[in-house]
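These protein sequence lines are chains Y and Z, in that order.
Going by the working numbering, 144 is the number at position 144 of the first sequence; the sequence numbering is gapless.
Going by the working numbering, 16 is the number at position 16 of the second sequence; the sequence numbering is gapless.
By construction, these hints were calculated from the structure, which means they are not laboratory data.
A few of these clues could be false.
What the hints assert, rightly or not - Taking beta-carbon pairs under 7 angstroms as the criterion, some of the chain Z residues facing chain Y (in silico): (1) M11; (2) G20; (3) Q58; (4) A70.
C-beta atoms are modelled at their ideal positions from N, C-alpha and C, and glycine is treated no differently.
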Amino acid sequence: METVFFFFFGALALASAISVVAQRRVFYSALSLIICLFAVGALYLVLEAPFIAAIQVIVYAGAIMVLFLFVIMLLDPFSKTVLRDKRKSLTYLAAILGLGILVLLVPILQAYDPAKTPRSEGIGDAGTGSVRHLGEVLFDQYLIPFEVTSVLILIAIIGVVVLAKRPKRHPEKN
Amino acid sequence: MELIHYLILSMLLFVVGAVGFIVKKNVISVFLCLELMLNAVNLSFVAFASHLNQVHGQIFVFFVMVVAAAEAAVGLAITMVLFRNRNTLNVDDADTMKW
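Let the hints inform the model, and build the full structure from the sequences given.
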């Protein structure tokens, strides 16, 4: 059953990821990315990480993608044409880079040996994905990174407000 | 399913995102491909966490999501400023830092 889920959602994630790149309209790209995020969220459930799966759907596919769609609908209808790549050089560069990453990563994966990476015993019966255990580790061992995260969010909020604020026009420039 | 299958899927998603990052012309499309790459890395984090039976990988995914949210907010604000000043979304038109 796990295998069926993996191949179904894996194929869905990959197909929608290719669709993100292949679509010519940004709006359809964003919708494809939402499908991709949902599929990966389902894979998190298969991997016994229900909290991360919930966060993935609520924060990523919900909040962040709504932000993207909001900006797309604010801007995209006014952009003159569908942007297409006229230069071939970037396509060749992308193909070379993609093949390069594959060439670099495939030997690493080929060196994978299940016997050498044993499952560590460890956390206990509650399972790695239980929210309680996750919270205990997050608020104990990772407390300072967690607090720094809130500072990061604050900086992002201030930065966005400063950037998005419409500047006062100087009379001499008009 | 073994760890290796998730890693292969993660690798393929990352490569698709990286290729799109270079090919795309629209700033927002470039952002979407960036999110795709972050997502691929998150998948491998969770796969390792599940395989090693440890929770640390999931906490890293948590932090990556927070940074992705901050990055998306700031990036989209920059996109709006770019559109307001240059009336374009093409990445090639944003070639000067100040004018």
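key: Numbers of unmet hints, in rising order   = Violated hints: none at all, because every hint is consistent with the structure.
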